[in-house]
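**Q** Respectively, the protein sequence lines represent chains A and B.
Taking this note's numbering, the leading residue of the first sequence gets 6, the next gets one more, and so forth.
Taking this note's numbering, the leading residue of the second sequence gets 6, the next gets one more, and so forth.
Bear in mind the hints are in silico, worked out from the structure with no lab data behind them.
Please note: incorrect hints may appear among the correct ones.
[Unchecked claim] Lysine-lysine pairs mimicking DSS-like chemistry, simulated, CA-CA at most 27 angstroms apart:
#, chain 1, residue 1, chain 2, residue 2
1, B, K364, A, K135
2, A, K325, B, K127
3, A, K20, B, K364
4, A, K135, B, K127
[What the hints assert, rightly or not] Going by beta-carbon spacing under 10 angstroms, a handful of chain B positions derived as facing chain A:
#, residue
5, N12
6, L19
7, S55
8, L129
9, A132
10, A133
11, Q134
12, L143
13, E192
14, R259
15, V339
16, Q354
17, H465
In this text, all values refer to a predicted model and were calculated from it rather than measured experimentally.
Even glycine gets a Cβ: it sits at the ideal position worked out from N, Cα and C.
There are 2 protein chains.
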Amino acid sequence: MWGIELNRQSDIPLKRQLYRTLRDWILNGRLPAGETLPSTRSLARDLKVSRNTVCEAYEKLIAEGLVSNHPGASTRVADGLLIEKAGAASLTLSEPPGPRYVVDFQTGQPELRQFPRQLWQKTLYRAAQKMPLEQFGLSGPQGLLPLREEISGWLFRSRGLNVSSMDIFITAGATQALHLIASALGETGQTVLVEDPCHTGMLQSFLNRGCRVIPVAVDRQGLKTDELSGPPASIIYITPSHQFPLGGILPAGRRAALVRFARQNGSYIVEDDYDSEFRYSGDPVAPLLAMDSEQVIYVGTFSKVLFPALRVGYVVLPRKLHPIWNERRTYTDVQNPPFEQVALADFLQHRDLDKYVRKMRRVYADRRRILLQTLQEGFGHQWQVWGDAAGLHLAIEFPGLLFNPEFFKQCLTRGLRIAPVENYCLRKGQHLNQLLIGYGHLEAAQIRQGVRLLQEIINHTLN
Amino acid sequence: MWGIELNRQSDIPLKRQLYRTLRDWILNGRLPAGETLPSTRSLARDLKVSRNTVCEAYEKLIAEGLVSNHPGASTRVADGLLIEKAGAASLTLSEPPGPRYVVDFQTGQPELRQFPRQLWQKTLYRAAQKMPLEQFGLSGPQGLLPLREEISGWLFRSRGLNVSSMDIFITAGATQALHLIASALGETGQTVLVEDPCHTGMLQSFLNRGCRVIPVAVDRQGLKTDELSGPPASIIYITPSHQFPLGGILPAGRRAALVRFARQNGSYIVEDDYDSEFRYSGDPVAPLLAMDSEQVIYVGTFSKVLFPALRVGYVVLPRKLHPIWNERRTYTDVQNPPFEQVALADFLQHRDLDKYVRKMRRVYADRRRILLQTLQEGFGHQWQVWGDAAGLHLAIEFPGLLFNPEFFKQCLTRGLRIAPVENYCLRKGQHLNQLLIGYGHLEAAQIRQGVRLLQEIINHTLN
Numbered sequence: 006m007w008g009i010e011l012n013r014q015s016d017i018p019l020k021r022q023l024y025r026t027l028r029d030w031i032l033n034g035r036l037p038a039g040e041t042l043p044s045t046r047s048l049a050r051d052l053k054v055s056r057n058t059v060c061e062a063y064e065k066l067i068a069e070g071l072v073s074n075h076p077g078a079s080t081r082v083a084d085g086l087l088i089e090k091a092g093a094a095s096l097t098l099s100e101p102p103g104p105r106y107v108v109d110f111q112t113g114q115p116e117l118r119q120f121p122r123q124l125w126q127k128t129l130y131r132a133a134q135k136m137p138l139e140q141f142g143l144s145g146p147q148g149l150l151p152l153r154e155e156i157s158g159w160l161f162r163s164r165g166l167n168v169s170s171m172d173i174f175i176t177a178g179a180t181q182a183l184h185l186i187a188s189a190l191g192e193t194g195q196t197v198l199v200e201d202p203c204h205t206g207m208l209q210s211f212l213n214r215g216c217r218v219i220p221v222a223v224d225r226q227g228l229k230t231d232e233l234s235g236p237p238a239s240i241i242y243i244t245p246s247h248q249f250p251l252g253g254i255l256p257a258g259r260r261a262a263l264v265r266f267a268r269q270n271g272s273y274i275v276e277d278d279y280d281s282e283f284r285y286s287g288d289p290v291a292p293l294l295a296m297d298s299e300q301v302i303y304v305g306t307f308s309k310v311l312f313p314a315l316r317v318g319y320v321v322l323p324r325k326l327h328p329i330w331n332e333r334r335t336y337t338d339v340q341n342p343p344f345e346q347v348a349l350a351d352f353l354q355h356r357d358l359d360k361y362v363r364k365m366r367r368v369y370a371d372r373r374r375i376l377l378q379t380l381q382e383g384f385g386h387q388w389q390v391w392g393d394a395a396g397l398h399l400a401i402e403f404p405g406l407l408f409n410p411e412f413f414k415q416c417l418t419r420g421l422r423i424a425p426v427e428n429y430c431l432r433k434g435q436h437l438n439q440l441l442i443g444y445g446h447l448e449a450a451q452i453r454q455g456v457r458l459l460q461e462i463i464n465h466t467l468n
Numbered sequence: 006m007w008g009i010e011l012n013r014q015s016d017i018p019l020k021r022q023l024y025r026t027l028r029d030w031i032l033n034g035r036l037p038a039g040e041t042l043p044s045t046r047s048l049a050r051d052l053k054v055s056r057n058t059v060c061e062a063y064e065k066l067i068a069e070g071l072v073s074n075h076p077g078a079s080t081r082v083a084d085g086l087l088i089e090k091a092g093a094a095s096l097t098l099s100e101p102p103g104p105r106y107v108v109d110f111q112t113g114q115p116e117l118r119q120f121p122r123q124l125w126q127k128t129l130y131r132a133a134q135k136m137p138l139e140q141f142g143l144s145g146p147q148g149l150l151p152l153r154e155e156i157s158g159w160l161f162r163s164r165g166l167n168v169s170s171m172d173i174f175i176t177a178g179a180t181q182a183l184h185l186i187a188s189a190l191g192e193t194g195q196t197v198l199v200e201d202p203c204h205t206g207m208l209q210s211f212l213n214r215g216c217r218v219i220p221v222a223v224d225r226q227g228l229k230t231d232e233l234s235g236p237p238a239s240i241i242y243i244t245p246s247h248q249f250p251l252g253g254i255l256p257a258g259r260r261a262a263l264v265r266f267a268r269q270n271g272s273y274i275v276e277d278d279y280d281s282e283f284r285y286s287g288d289p290v291a292p293l294l295a296m297d298s299e300q301v302i303y304v305g306t307f308s309k310v311l312f313p314a315l316r317v318g319y320v321v322l323p324r325k326l327h328p329i330w331n332e333r334r335t336y337t338d339v340q341n342p343p344f345e346q347v348a349l350a351d352f353l354q355h356r357d358l359d360k361y362v363r364k365m366r367r368v369y370a371d372r373r374r375i376l377l378q379t380l381q382e383g384f385g386h387q388w389q390v391w392g393d394a395a396g397l398h399l400a401i402e403f404p405g406l407l408f409n410p411e412f413f414k415q416c417l418t419r420g421l422r423i424a425p426v427e428n429y430c431l432r433k434g435q436h437l438n439q440l441l442i443g444y445g446h447l448e449a450a451q452i453r454q455g456v457r458l459l460q461e462i463i464n465h466t467l468n
């Protein structure tokens, strides 16, 4: 069956070998989304193993959300994770927005054309020039102190946070932060609670570590904390300042409930604050970290603010995790290179980052306004907006519509890249009338053209 | 006992919780090297768990080499791993050679003072200048093509290897390469065969992944392939071009035996070619990769050649591992930053690297000659050299001497940093008369002073 090869001489149990082969094939796309797995009976017969072996492998795949099975239906490869892999924000493989799409509403894409390249280039040059010779050697897993001090100042200026540079750890971006958290705290079979929908790509580190990922529903205000329950979770992964992808800000009551739940269960809260630099009205949202620095691990990044290839992020860690973090980072990739660290510290020290964020906030707010206005003109009362006025994308709902495969096929044909919220759902079927529109990287004309295309496709396929 | 806390409500078995707590404490230094673990009986009583639970946790620690137990003796925290952590080459935490040591014979330290900083700085500036705008966005987990093409050329020029840029994957250094290999191929309970002694820090990724590490003895020629046996291993980790730390070059017969063994057992050979740029006599050693590109994963780095903080290495991967590698890299830290990649490609294209390696080969060969001569003058027939004329350190043996704790205490007192080969051994007690001298970063005067100090300490404590 499919050329699955099991090694009976191996010290790895057959069920584990089978699970691993199928998992790898799903993750690398050899088994595409929606593919039906053979029945346990027929696969067991073909592989000459007990049916129990196949059942256990399948159950593990189901538990990890890699395949779905509904009573009475066949077992299929889940489509959430894979479409994510091909289409999602920060994890897309090499595929610059090109002529393949007429309009690309991909989420999580900052505008690169307005980035002050020359200033950065000079800053990088100065950084290499003034670096003490020792920094050409290893300078430690925590990251350079001047950068950590500047980030401490930045957290205060941008979010009102009081954090010591001692508790800040530089990472090679937010993805690595999640990877290291999974490596330090995750363990086979442990439970990780996540928002549903969420940035499913960010869960991969937990899945690769063998954790069980349990979805908790999200509404307009973010995580529904009254649905927190179940076995004690090691980790709760959440985006409280701007829920990804639906955009809610977690209200104070839910924040308190969440922290209480985490304390009672000894869970760590992983707070991913991926884009709160870009709020277009009201004060900055105070991070959860301000409520509890013992249970909350705060994850920040400069990829959205500056440019994705920078690969510099940071975590704010509770003291008791410092030793294990340093150990894991040392044996993962030792440290960040120093040049970007020194340059970024400079950029922060001279308030070049503050200036750039102020400028881009205006640019993005403008684009958002144009998008909302164009949607209003095109769809009248047919649609609603979700979430807070923040970030680089918009979640919109069309009550009564169902975005079906025919719709997305038409989008592809017409050159419109647009993702359904459904792509980011672990439990399928709850968000079928919602779409995500990434607008950060698009000029006004492209936004208008995209909405026109969307309108034509909706009229053509759904009305 | 020691404040160990077990959570009886957790879905993680108690033995696993206990194992994990002890492992973390050993790795973060809370349980120092040599510390005696309580007897299984007394710990079981104190924690109110079955003795079996404690035994299983201890057995896992023993299997991973974290604690040692000899029949009739108490169970103690192994000292190999920990001294390694504090003292070894590429994994040292922030601790530049400073006034703490009068002479620092640490291994794996390249000379930084002769690095052409200005040239590198200009190259970095040019790289940032000519980078296409897309490269400020994500450019993919495999690394930039121009760099991979230059590395392909470099592998041919420096080692006679014919490797396609398609099979080269850029990493954030050799440590990350090992980490990703463990992540892609390692699985709890799987077997990894390693040289003994070896760069024990490099094993940490396998241990963190839950693999069983099994030592295979090394003699003057490298891995004793006639001792390869045991359960099928997933991975064989080896340094055939210049065994670390003893310096042997694996002879052709053993190479063939190793590849045969790997093919028969379906094992991958991880070939760590950490310093073969620096050979001072004879032709370059042909890597194992030349014998088998299906079973061999080749790991290279530029940290030793240029400077440790660069964080650029690479692997040459068998085709069937490409998809899983890209998946793991994407969810580990996405990609390297582009600036160093473009700058290094430039450095290679203009043959600046070739020139620098030629220059440093002369510098290091000189230092090696001075070290050997000074040792000869100081110790006459009392000592022997091990290994090939290559690299940045020397393994030496003093037949009949035993370097005891008193000796190393005296070294510390007198300000001499020098490591016993024993630090890198998994099975203890076989290499007690051998020392490692890192000389790459030391001027002639420092080398002579270090040997004088060594002579005084040996005379004082051992003769």
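**Q** All the hints need checking, so say for each whether the structure fits it.
**A** Status of each hint after checking the structure:
no.	hint	result
1	B/K364 with A/K135	holds (25 angstroms)
2	A/K325 with B/K127	violated (42 angstroms)
3	A/K20 with B/K364	violated (55 angstroms)
4	A/K135 with B/K127	holds (13 angstroms)
5	N12	holds (7 angstroms)
6	L19	violated (13 angstroms)
7	S55	violated (20 angstroms)
8	L129	holds (6 angstroms)
9	A132	holds (9 angstroms)
10	A133	holds (4 angstroms)
11	Q134	holds (6 angstroms)
12	L143	holds (5 angstroms)
13	E192	holds (6 angstroms)
14	R259	violated (24 angstroms)
15	V339	holds (5 angstroms)
16	Q354	violated (19 angstroms)
17	H465	violated (32 angstroms)
In this structure, the earlier hints numbered 2, 3, 6, 7, 14, 16 and 17 are contradicted, and the remaining ones agree with it.
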